[in-house]
Amino acid sequence: MKTVVKALEFIVVIVALVVGIYVGKTIGVESMLRKNLEPVTLAKTEEGLPEECIGRPAADDIPRIQDFAAWEEAWDTSYITIEPKSIVASGVGVRYPWVSIYNRSRRGGQRRKPDVINTKFDIFNEYGEYYLVQLPDDSYVLAEISLEDARKVKAGKSVTLPVGRKMNSDSRVIPNIQELCEKYDVADTDKVFYCIDEQWNQKNNFKVLIIRFAIGAVVVLVLGTILITLVDKIFKVKD
Amino acid sequence: MEFTYYLPEILFGAMALAAAVWGIGLAMELSRGKKGEASCIYCKGKAVKEPYGPCLFLLPLHFGETYEDSEEFLRRNMQPIYKKEQIPTGMRACWLEVYRCERCENRQVKITDFLDVRGEEHVKKCYDFSYESFRPLVEQWREMASMGAFVRTAEQGIHGKADSRITRGGEF
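Residue numbers (my numbering), protein chains in the order written: chain W, 24 to 262; chain V, 16 to 187.
Derived from the structure by calculation, the hints contain no laboratory data.
Here a beta-carbon is modelled for each residue, glycine too, at the ideal position from N, C-alpha and C.
Be careful, since some hints might not be right.
What the hints assert, rightly or not - Pair ranges (Cβ atoms, derived):
hint: 1; chain 1: W; residue 1: Ile34; chain 2: V; residue 2: Val132; range: 29 to 35 Å
hint: 2; chain 1: V; residue 1: Arg157; chain 2: W; residue 2: Val28; range: 33 to 39 Å
hint: 3; chain 1: W; residue 1: Asp90; chain 2: V; residue 2: Val36; range: 48 to 54 Å
hint: 4; chain 1: W; residue 1: Asp138; chain 2: V; residue 2: Met43; range: 51 to 57 Å
hint: 5; chain 1: W; residue 1: Trp121; chain 2: V; residue 2: Phe88; range: 56 to 62 Å
hint: 6; chain 1: V; residue 1: Val63; chain 2: W; residue 2: Ala30; range: 55 to 61 Å
hint: 7; chain 1: V; residue 1: Gly40; chain 2: W; residue 2: Trp121; range: 38 to 44 Å
hint: 8; chain 1: V; residue 1: Ala29; chain 2: W; residue 2: Arg195; range: 38 to 44 Å
hint: 9; chain 1: W; residue 1: Ile37; chain 2: V; residue 2: Leu45; range: 56 to 62 Å
Claimed, not checked - Some chain V residues judged to face chain W by a derived CB distance under 7 Å, without partners named:
hint: 10; residue: Thr19
hint: 11; residue: Tyr20
hint: 12; residue: Leu26
hint: 13; residue: Phe27
hint: 14; residue: Leu32
hint: 15; residue: Ala33
hint: 16; residue: Ala34
hint: 17; residue: Gly38
Unchecked claim - Quick partial rundown of chain V residues pointing at chain W, CB under 10 Å, derived from the structure:
hint: 18; residue: Phe18
hint: 19; residue: Tyr21
hint: 20; residue: Leu22
hint: 21; residue: Pro23
hint: 22; residue: Glu24
hint: 23; residue: Ala29
hint: 24; residue: Met30
hint: 25; residue: Ala31
hint: 26; residue: Trp37
hint: 27; residue: Asp84
Chain W with its partners taken away, still in its complex shape:
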């Protein structure tokens, strides 16, 4: 009986950890902090630097990519946006430019972080996942968008993605998602719609990480305590 209770307590702690990581990783911290950002208009894209426009909310006059033809016609220098019908996660991500390449090892040396990773193992949100976004004409294009925007589209919300640009796709990612691209008939795997706000992320990366960690810790502690108390109550464990 005692062993069963101990095993159950161990399981509920693992459950609390998993839920804590899930909540800490997916909760919309960025959208809360970025609430007051002004939408970028076409006029502003003409005078502003790319890093001041990419990843910012799109105003109504930013061109929407409606079909694959429009995607192909768009220039790499054009500021565009997409109103996706649906989204498919590839599960493969590439390291964000603002994330340090090296990890400090315990022995004092430095270990290089992988450039491409399976995003299931990306606990600290250091990698931008590649998605297949469905255009209004049902064709798919590659996109590197924030986790928050992807979550909104996945949940079926009507979303206008932030201002972005066509960029060259990462050659290390494509071989990993080739099968998925073939399955969804992605005609253009050379280009990716990139709409990550690097400037804002670089500035607020640490703050976001701390908030996420705090949220995750609260969930783990409270849920763990509740579940352990429940197990003890069910099995009438007395201290």
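Starting from the structure of chain W, add chain V where the hints point.
Just chain V now, with coordinates in the frame of chain W:
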């Protein structure tokens, strides 16, 4: 759709709410503890000390020894004593105080397990249990008190605050 999207926020909100409720409960308990009161284990109402005790009991434990099922262990092993000098060196003892809830009238006991080191009480753990489990022990202690073996006043605290008639050394 909305539910799945807001699931992390809902989960965090629920956990934060639970933490807030627990925090408020803890703050209330601490504030009551400062006033010499306690929270009722049945209805969470205000419980006030009964006008006798605290009762002192010896525990058959040394230093850092632990025990499981504390209620059962304490109920079976507490031996009434009347002064701290009766505690053999290195042995543990406990204070027992009886509280009555002002709302539901139920009684409960608060037991403070401590180790006496040169007159200083090192508290190991505190417990709140129903009065009924410890009634025989409390009655036994009170009987001894009424026989004149020892007397303690109601308003005296625990943790080294002795009755005015008991010297620091524990003698009458």
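**OP:** Go ahead and decide if the range 48 to 54 Å is satisfied by the Cβ distance of aspartate 90(W) to valine 36(V).
**Re:** holds, 53 Å
Original post:
How does the Cβ-Cβ distance of isoleucine 37(W) and leucine 45(V) compare with 56 to 62 Å: does it lie in that range?
Top reply: violated, 32 Å
**OP:** Go through the hint on alanine 34(V) and say holds or violated, using the shortest Cβ distance to chain W against 7 Å.
**Re:** Holds - the Cβ of alanine 34(V) comes within 7 Å of chain W, reaching about 5 Å at its closest.
Subject >> Per-residue hint verdict: phenylalanine 18(V), partner chain W, C-beta under 10 Å >> reply: Hint holds; phenylalanine 18(V) Cβ to chain W Cβ min 9 Å, cut 10 Å.
**OP:** Return the status of the interface hint for tyrosine 21(V): holds when the least beta-carbon distance to chain W is below 10 Å, violated otherwise.
**Re:** holds, 8 Å
Subject >> tryptophan 121(W) and glycine 40(V) - C-beta distance against the hinted 38 to 44 Å >> reply: Holds: the Cβ-Cβ distance is about 43 Å, inside 38 to 44 Å.
Subject >> When the least beta-carbon distance from proline 23(V) to chain W is tested against 10 Å, hint result >> reply: holds, 4 Å
**OP:** Note whether the CB distance of aspartate 138(W) and methionine 43(V) lies within 51 to 57 Å or breaks it.
**Re:** Given a distance of about 54 Å, which is inside 51 to 57 Å, the answer is holds.
Original post:
Do the numbers back the hint for phenylalanine 27(V), that is, is its least Cβ distance to chain W under 7 Å?
Top reply: This hint holds: phenylalanine 27(V) lies near chain W, its Cβ roughly 5 Å from the closest one there, short of 7 Å.
Original post:
Regarding the hint that alanine 29(V) lies at the interface with chain W, is the smallest CB-CB distance below 10 Å?
Top reply: holds, 9 Å
Subject >> Restraint check, 7 Å cut-off on beta carbons, for leucine 26(V) near chain W >> reply: Since the shortest Cβ distance to chain W is 5 Å, the answer is holds.
Original post:
Quick one, is the glycine 38(V) hint okay against chain W at 7 Å, beta carbons?
Top reply: violated, 10 Å
Of the numbered hints listed earlier, those contradicted by the structure are 1, 6, 9, 14 and 17.
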